[in-house]
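> Here is how the chains run, residue by residue.
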Amino acid sequence: MTNNTKSLEIYIHIPFCKSKCKYCDFLSVPTDDETKHEYVNALIAQIKSKSKELHSYNVDTLFIGGGTPSILKADYIEEIMTTVRQHYNIFDNAEITIECNPGTVTKEKLSAYRRCGINRISFGLQSTDNKELKFLGRIHTYEEFLQSYNMARECGFDNINIDLMSALPFQTVESYKESVLKVVKLDPEHISAYSLIIEESTPISEWIENETREGHEVLPNEDDERTMYYLTKEILEQNGYHQYEISNFAKEGMECKHNIGYWKRKDYIGFGIGAASLVDNNRFGVVSEMDKYIDILKRYKDEELEEIYENRETLTGEEQMEEFMFLGLRMIEGVSRNSFKKIFNRDLDKVYGEIINKLVLGNLMESGGDTLRLTPRGIDISNRVLSEFLL
Amino acid sequence: MGNIDQSKIRNFCIIAHIDHGKSTLADRIIEMTGLLTSREMQAQVLDNMDLERERGITIKAQTVRTVYKAKDGEEYIFNLIDTPGHVDFNYEVSRSLAACDGAVLVVDAAQGVEAQTLANVYLALDHDLEVFPVINKIDLPSADPDRVKEEIEDVIGIEAEDAPCISAKTGLNIEEVLEAIVHKVPAPTGDKNAPLQALIFDSIYDSYKGVIVFCRVKEGTIKPGMNVKMMATGATANVVEVGYFGAGQFIPCEELSAGMVGYMTASIKNVKDTSVGDTITGLDNPCAEPLPGYKKVNSMVYCGMYPADGAKYPDLRDALEKLQLNDAALNYEPETSIALGFGFRCGFLGLLHLEIIQERLEREYNLDLVTTAPSVIYKVYKTNGEVIELTNPTNLPDPSEILYMEEPVVRAEIMVTTEFIGAIMELCQQRRGEYISMEYVDNGARAMIKYDLPLNEIIYDFFDALKSRSRGYASFDYEMKGYEKAELVKLDILINKEEVDALSFIVHADTAYERGKKMCEKLKKEIPRQMLEVPIQAAIGNKVIARETVKAMRKDVLAKCYGGDISRKKKLLEKQKEGKKRMRQVGNVEIPQQAFMSVLKLDEE
Chain A
0 MTNNTKSLEI
10 YIHIPFCKSK
20 CKYCDFLSVP
30 TDDETKHEYV
40 NALIAQIKSK
50 SKELHSYNVD
60 TLFIGGGTPS
70 ILKADYIEEI
80 MTTVRQHYNI
90 FDNAEITIEC
100 NPGTVTKEKL
110 SAYRRCGINR
120 ISFGLQSTDN
130 KELKFLGRIH
140 TYEEFLQSYN
150 MARECGFDNI
160 NIDLMSALPF
170 QTVESYKESV
180 LKVVKLDPEH
190 ISAYSLIIEE
200 STPISEWIEN
210 ETREGHEVLP
220 NEDDERTMYY
230 LTKEILEQNG
240 YHQYEISNFA
250 KEGMECKHNI
260 GYWKRKDYIG
270 FGIGAASLVD
280 NNRFGVVSEM
290 DKYIDILKRY
300 KDEELEEIYE
310 NRETLTGEEQ
320 MEEFMFLGLR
330 MIEGVSRNSF
340 KKIFNRDLDK
350 VYGEIINKLV
360 LGNLMESGGD
370 TLRLTPRGID
380 ISNRVLSEFL
390 L
Chain B
0 MGNIDQSKIR
10 NFCIIAHIDH
20 GKSTLADRII
30 EMTGLLTSRE
40 MQAQVLDNMD
50 LERERGITIK
60 AQTVRTVYKA
70 KDGEEYIFNL
80 IDTPGHVDFN
90 YEVSRSLAAC
100 DGAVLVVDAA
110 QGVEAQTLAN
120 VYLALDHDLE
130 VFPVINKIDL
140 PSADPDRVKE
150 EIEDVIGIEA
160 EDAPCISAKT
170 GLNIEEVLEA
180 IVHKVPAPTG
190 DKNAPLQALI
200 FDSIYDSYKG
210 VIVFCRVKEG
220 TIKPGMNVKM
230 MATGATANVV
240 EVGYFGAGQF
250 IPCEELSAGM
260 VGYMTASIKN
270 VKDTSVGDTI
280 TGLDNPCAEP
290 LPGYKKVNSM
300 VYCGMYPADG
310 AKYPDLRDAL
320 EKLQLNDAAL
330 NYEPETSIAL
340 GFGFRCGFLG
350 LLHLEIIQER
360 LEREYNLDLV
370 TTAPSVIYKV
380 YKTNGEVIEL
390 TNPTNLPDPS
400 EILYMEEPVV
410 RAEIMVTTEF
420 IGAIMELCQQ
430 RRGEYISMEY
440 VDNGARAMIK
450 YDLPLNEIIY
460 DFFDALKSRS
470 RGYASFDYEM
480 KGYEKAELVK
490 LDILINKEEV
500 DALSFIVHAD
510 TAYERGKKMC
520 EKLKKEIPRQ
530 MLEVPIQAAI
540 GNKVIARETV
550 KAMRKDVLAK
560 CYGGDISRKK
570 KLLEKQKEGK
580 KRMRQVGNVE
590 IPQQAFMSVL
600 KLDEE
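Line by line, the protein sequences are chains A and B.
When we follow numbering that gives the first Met the number 0, the leftmost residue of the first sequence carries the number 0, and every step to the right adds one.
When we follow numbering that gives the first Met the number 0, the leftmost residue of the second sequence carries the number 0, and every step to the right adds one.
Derived list of chain A stretches under chain B, where covered just means 3 residues or more per stretch with a C-beta under 8 Å from a C-beta of chain B:
1) 192 to 202
2) 220 to 229
3) 259 to 273
4) 319 to 329
5) 375 to 381
Result set (DSS-like, lysine-lysine): computed pairs, CA atoms no more than 25 Å apart in a straight line:
6) B/K222 / B/K7
7) B/K559 / A/K265
8) B/K559 / A/K130
9) B/K569 / A/K265
10) A/K357 / B/K574
11) B/K569 / A/K341
12) B/K570 / A/K265
13) A/K349 / B/K569
14) A/K232 / B/K554
15) B/K554 / A/K176
16) B/K579 / A/K357
17) A/K357 / B/K576
18) A/K357 / B/K580
19) A/K340 / B/K569
20) A/K263 / B/K576
21) B/K570 / A/K263
22) A/K357 / B/K568
23) B/K576 / A/K349
24) B/K569 / A/K357
25) B/K569 / A/K263
26) B/K559 / A/K181
27) A/K176 / A/K250
28) B/K559 / A/K17
29) B/K574 / A/K263
30) A/K357 / B/K550
31) B/K559 / A/K19
32) A/K232 / B/K559
From the structure, some residues in chain B lie toward chain A, with a derived Cβ separation under 10 Å:
33) Q529
34) M530
35) A551
36) K554
37) V556
38) A558
39) K559
40) C560
Hints were generated in silico from the structure; no laboratory data involved.
We put the CB at the ideal spot given by N, CA and C, even for glycine.
With the sequences and hints as input, model every part of the structure.
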C-alpha cells in the first residue's frame, strides 16, 4: 500500500436463505431462481457503479454475508468476485470471508470459493444440540454441520469461524457448555459467541411474549446467562483462544479483520439491499426493497445511481467521537488516547474526563497510560457505560 | 332592568350529596325556564371547567339568572346560585348560601340521606335559608321515595310530605320544583335607598375586565361610576359595570338594587382584593356594619410542586400566577429541593383542591409535574419560646430545639350502613381517630359515626380507604376542629446513604416504623436496577428503622454490533440516555419521577 492510498472494506449482502430462522430480523427471504439471477446482476452493476469514486482505495477485507450466501450457485459468487477484482484494488493478502450455512455447501461450491480467492469461512452453527437448533428454526443438524466443516477443511480452508449462541430458550448452562466443548474440539481459528438478542416482531419474540404472559419462563435467567458468558471465556481461554471483542474469540493472529474495521471506524462500502456504508465520515445505506434495487440498477450504464442510496448522514465531529468511543470500547484492548488525539486533535480526557472518572470509580472501566477499556463488569452492562459517551 | 319588583325575585341554591343530581336539576331548571333551548344546552351548563364536568363536581360557584312564568301568570326572576360540592370548599359554600334566601335539597330516591346532605342542610339552616326537599332519580328501579321522605323527616327534621318526586334526568315533574321555588323560597328584602351593603360570594379574573365580582346586594344599590370599598380588605374601586348572569355570559344592566344577585367590575387586578365573604359598600355613604361571617381563607394542605423538566420552571411560575388570579385559596412560594431542583411550595384548601390544581396545571398549561407528599401545617413549639408553622417537613428544626408539636384535627362525620360500622371504626382507629359518638338513623339501617381525626391521617387516601371498606356505601364530611398536641417525628428516606429531601415527611411516632417500611418497599419497586447496588433506608434522625436494597443490574449488553447495526445501535444508546434524562439524579442514583409520586399511595395494596 502506498502512503497516499486509503484502505477500504467491502461488504456484499446476499439477502436469501432457505427459510427464515425464528430469531432473525436481518434482511433476508426465501426466493426463486429468477430473483436471485436479477439480484446478482444488480449487485454487479452496483459494484461497478461505485468503483470510480473509490478507485483510490485499497481493499484489505471483503465479507460476503447474508442471509445465506452459500445458497447461491457457485458461478454467481465467482462472477461477483471477478467483478470486484476487476474494479477495485484488492490486496493480495486481503481477508475474504463468506458466510455459509451448514447443509448448503458442497465440495464444488467450496472449491469454487477457493478458486476466486475466498480464504475465510464463517459457519452459522449456533448450537450442537439438535433440539435447540430445531427450535431456532435452523435448517441443519449438528451432524450436517460436521460434514460441511470437514469438507471445508478438506478443501483447504485454514481460517474458519463458528458462530455459537447462548441464552437460547430452554438452554441450560450444561447444554451450552457441551456446545462450547464440542466446538473447541473441532479447533476452528475463530469463535463468535453471542447471547441471543430477542429482536422485536420476530416469531421468537412473539412466542416468548406469549409464554411470559402465561407465566412460563422459557429463557435462561440473567444469572445463568452471565454464567454462560463467563464459561465461554474460561473454556476458550484454556484452549488457546483469546477474547478480543465482547462476543468474539480467536487464536493468535486470527481475529476477524473485517469486523475489527467496523469497531475502529475504517471506511467500508456495502453492496446489496440494505447494506450500510461509511465513507469519509458519511454513513448511508442502500434501499431495502428488492424490486426497487433491481429496477434502478437495470438502468445502469456507467454513471453512479444515487437513487439506490438512502439515509445519508454526514457525521459531525462530535458524532465521530461518540462512535470512536462506543465502537472502540467493544474491543477488549479498548481505545487509545493517542489515536483519539491524532484523529480529533483533542485530548480524550478533555472531552470525556468526568465520565471516565466516574466509570473508573464504579469499577466499570480501567484507565492506564494510553489505554482506556471496559472491565468485565463494564462489559456486563456495556449499554449503560457506552451510552455515557454520547455527547 | 331598572325597577324590578323585589317580590318577584327568588334567590336560591340547590344542595345535595355528590352524585345525587344537583347539576342535572340545575340544567333542567335553566332549560324549563326558557332561557336556553335544548340545543344550546351542553350537558350540565353550570359546570364550566372540563375537569368539573369529568369529575361531576362543581369547583367554582356558578350562577345563572332565568325568568319563569309561573302558574299564577306572573314572571319571576330566578337567581340560581350553584354551590361548590366538596368539603374542601366549605367556606365558599357557606358564602354562596349566604347569598340565597332558600335552598332546594336534592336527595337521591335510592340512596337517601348521606353525610354531605346533612352537612349542607345544617349549613343552609345556619344561614336561615328556607330549605325544601326534592326526591330525585325516581325513575331508578331501586327508588324508594316514601322511605327517603320518611328518612328526611326523621334524620333532618324538615317537612317532606309534599316533596316533589322528580327525575332530573328525564325531566319528570320539574314544573313542581319551579312552583315550589316560587311559593317556598321567600322573596328578598332590603331597602334600595339604604347605604350599599353587598356580599361577595365569588370572583373570577377576566383578562379584559379585570376581576369580576359576584355579589348579592342586601341593602342599597350599586351602579357604574360609584366608588366602592371592600370592608375587610380595605380595597377601593370605581365601579365600571354591573350586570347579571346569563347562562355562560355576563349581561350588563343599569344597576343592582337590594335583593338582586349579579356582578360588578371595577378594573380590579387581583382576586385577593375581593375576598369571598367580604362586604362591598359605598365609599361616600358606607353602611355601618359589614355583613357577618367573613373569614380569611387559609390553606390547610401543602405540597411541593416541581416541573419534571427543570427548564420549565418559569412556565410553572406563570401558570401558578394565572391560576391564582382565579383562585384566592391557592398559595405558592418558591422553594428548592436537592432532589427535585427549583419548584414551589403550594398551599391548598384540601386534597381535592390540590388535585384539581395539579390536573389543571398539567392539562391547561401542559406541564409535567412532580409533586411531593402533601403535608398539613404543624405547629412547632420551640424551647426558645418561638412557634413555627411548619409547611415543609425539611424545615423541621433539630429535635433538641423542639419542646412539642401540635397537629390539626378535624371532626369527621361518617354515614354508613350498619353492616360496615365495624370496618369503618377500625379504619378510624388505625388513623388515630378519637371516637366521639354514633347515632342510628333510617330505622337503624344506617349510622352516623363521629370521630376526631388528625388531618394528616386523612389527606392521603382516607376517602379511598373508606369507600373500599364500605363497598362504596360510606359518605364522609369533616370540619376543622383545631390543633392538638401529638408525638410527631420526621421520617427521612436515604437512597444510597443520601437523604432525599423531597421524600421526607412528618408522621406520628407510633406509625413511623410501618410507614417507613412501606416507603422502602414501594421505592424498591419503583427504582430500576442501577449499575451499582442501591440501599434504601428510612430513618428518624440517625436511627435507621427500615431498609431495602435494589440489586445491581446484572446485564445490559448488546452482543452484536457490526457495520449494518451501527446507526440503529446508536439510536438505542441514545434512547437509553434520554431515559436517563427523565430520571432525577440523587448522588449516583437515578430515581424515576414516578417514584416520588408513588409513595403518596402506600395503602393501595
